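Line order of the protein sequences matches chains A and B. With our numbering as the guide, the letters of the first sequence map in order to residues 18 to 366. With our numbering as the guide, the letters of the second sequence map in order to residues 327 to 455.
To be clear, the hints were calculated from the coordinates, so they are not data collected in a lab. Some hints here could point you the wrong way.
[What the hints assert, rightly or not] List of simulated lysine to any residue pairs, SDA-like, C-alpha gap at most 20 Å:
#, chain 1, residue 1, chain 2, residue 2
1, A, LYS61, B, MET453
2, A, LYS57, B, HIS449
3, B, LYS400, A, GLU77
4, A, LYS46, A, LEU56
5, A, LYS201, A, ALA296
6, B, LYS400, A, LYS46
Remember, it's a predicted structure, so these values are computed and weren't measured experimentally.
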Amino acid sequence: MPSDELFATEEQVIAAAQALLADGRFADKDDGKLYEELLKDYQKLLRTTRRLMRLSDRNEEQLNALSNEQKEANALIAQKNKELDALATKLSKYLSPQIYHSIFTGAQNVEIASNRKKLTIFFSDIMNFTETTDKLESEDLTNLLNRYLTEMTNIALEHGATIDKYIGDAIMVFFGDPQSKGVKEDARACVRMAIAMLRRLDELHAEWLELGAAEPFHLRMGINTGYVTVGNFGGDERMDYTIIGSCVNATARLEFHAETDGILIGHETYALVKDEVDAEEREPIKVKGFAEPLRCYKVLGLYDDLVGEGSVIREDRDGFKVLLDLKKHDRANAAEALEAIVDRLKKSP
Amino acid sequence: MRDTLNIEQTSRTPAVVFDFDNNHLKISGESYPEDVTEFYRPVFNALDTYLGALGEGPCRFDFELIYLNSSSAKAVMMLMDKLEDAAKNGASVDVYWFYDKEDDTMQELGEEFGEDLENAKFHLEKMAD
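Looking at chain B on its own, in the form it has when it is part of the complex (with noise of 0.2 Å):
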């Protein structure tokens, strides 16, 4: 039984809960952290642990984020790029990238991260109110 990676949701930090048996990943809430590289260090590293294993299985990986900054969205940039090279090796990786209905920067920059995606499968929804 592999380990959940379960980080708690700050003012300034998204929560992450890894839920690896179920192969159901997520990362939602506000990310502008003081160290970008030393937040989602931990995050990339399971994440690689995790999709090296993963072989031809499922997996779903959940963006709910409020808001992210730069460095954050260059962080999203680089889990978006591990999915898809997973899903390119076989896995089958559904990404699903929520919004709020009213925000348009977060809902475009969805459709700019889904362009990306060619072997994962994407998926932009409005978040539930």
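Extracted from the complex, chain A is given alone in its bound form (with noise of 0.2 Å):
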């Protein structure tokens, strides 16, 4: 409705008032002089009332038409977080969900940083890869490889492993950064994700060989810890989050020393763990690098597994731990060993 029309029916007032005072009907002149003040004020009071009004609509009109665009901008906003988010989760395929993780909540620069560290690391590879897989298709070779390493990366995951990278069929994780338990458990961490990738290995065999496989895959797994370098390595446009320090190549050599289907750990790697893993020696290795030869020790299994067993009897409470490798020590002498110890308990005061 125009804004003439909306205020018709004061303008009629004012053409009466208007008629009114040029007809003279007014006797007194003061009457008169206040009626025409009057009948001013009222025009201007009009005047203010359709500025005001106007005024009022132009500026709602541009709120409405802020508050449009406002709506179009969260849309667009929506939508491209949208993108960003489906493109993020494909670039999270590339990294260690920790890192991404670490990344993406802002915990953790993307810049060339590193700061040391004492971490466990491991490496595992497949024996005889190219020789074995050699008469496969490559899509075969492809489907094959694929299954294996996403077995192995998800058990790595539940033991909370970052993994560092894949080489061919090699794999290599660590434990303690960027997120740890503590140097003790990420090295207990480490050593059941190695017993749990060898379970599932087992399982993958026969699956394999229906593939076409000529013979079962072998895996050699060594774990060491120490002290690395962790961070981005690179430059500025492409770099990678991952380990270097002569224990790297220590836990590469621990690898490629494992025999079939083992798991070789360093001399400090089976301090951490000796309560829980059974381990025997070997022959020390030579390391470039390394004045010494390292101490190393084949893994046996988990002692809970091995109770379970019946190959190995443990008693461990607060102030009493017994252990008691069966394959290592005769029943009759380990009986002989316990009774002594229970003789001198009665004994002792």
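Dock the two chains into a complex; use the hints.
What follows is the structure in structure tokens.
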């Protein structure tokens, strides 16, 4: 409705008042003057009302326009966020979940930086991978390798590992960064992971033979604990979150010297896990950069599992620990030794 | 010497600079105060005192507003009335209304305010870039 129509009644009042003044119907001049003043004020008030109404309408219009712009901008932002989320999800597959999480939550900066930490490092490799898969078609090889890496990755993540990299069929992971449960627990988690991987490998053998692999795959695994430099290495345009140091090289050597489907661990790892893991010492190995040959141990299993199998008797209480490996000790000798302890206990005051 | 009224600009209220010694008064910025009467009361009081003593002297008032709500528009009209009354009583009053060249609303509002002034001289000008 046009403004003139909206104020038609007020305009009629003004027209009537003006006609009244023009007719000279005021006998008293002062009354006429007062009426004229009143009319003038009424006209001004009407002008003000119209002006304010117009201003108010325009402000509201601008506000609505801004609100619509804001809505469109919000929709655009939501769309872009969705696209970014999808992209981030794709990119996350190229990163270890812990690294991805620490970057995306802002806990870690994407910059060339590093620090020194005590980590437990793990290397695994499929023995004779190239020869074993030589007769496979490329598609079958891809499926087979991806299936293997997926299974191993799932186990690694379940145990809290940070996936460093895949090098063909080789896997390199570490424990203790960016999240750590303490050096001891990190080392234990790493050994538990390696044992779980070997078990899964057994289950995968049948599947692989069906796919056409000439013979089952076998693994070698190496584990070592020590100080390394961990962080982003590379250039501003392309960097890797990884670890470097002599301890890393030593782990690779431990893996190389491991037996078929065996886990070879360094001395420091052994010291951290020996309460939980049964292992036997092997010939020390020479590693470039180390003055002395490295002491190493072959993992035989978890005591918890060995107890279940009946090959180990274990009693572990506060201040009282008994571990009897029946593969290493004759039952009669062990019983004799324990009886001697019981006798001493009975005789002591 | 008369005091200068100086109110700093906020996100909701305009800057007020009344330089009484140089007879130059100015309001600039945006005006949508939470309480219009509370904000404009000291402005009205200062202007009343100043204009009461102005006699036939000169006075320049600059309005340089970017946005104002309806209540502020009423307050601006009241300021205009006071200036118009002073001019009617013999003062030489110049009212400048500056508007953003891309803001038709403020330009038209200025034109309408100007139409109400019979004795004060009204100047409608674009703001400098």
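For each hint, the structure was consulted:
1. At roughly 28 Å between alpha-carbon atoms, LYS61/A and MET453/B are farther apart than 20 Å, so this suggested pair is violated.
2. For the hint linking LYS57/A to HIS449/B, the alpha-carbon distance of about 24 Å lies beyond 20 Å, and the restraint is violated.
3. Restraint check for LYS400/B and GLU77/A: satisfied, since their Cα atoms lie roughly 17 Å apart, inside the 20 Å limit.
4. About 15 Å separates the Cα atoms of LYS46/A and LEU56/A, which keeps this hinted pair within 20 Å; it holds.
5. Of the pairs offered as hints, the one joining LYS201/A and ALA296/A holds, with about 16 Å between alpha carbons and a cut-off of 20 Å not exceeded.
6. Note on LYS400/B and LYS46/A: the hinted pairing is violated, with a Cα-Cα distance of about 33 Å set against a maximum of 20 Å.
The structure is inconsistent with the numbered hints 1, 2 and 6, although it conforms to all the rest.
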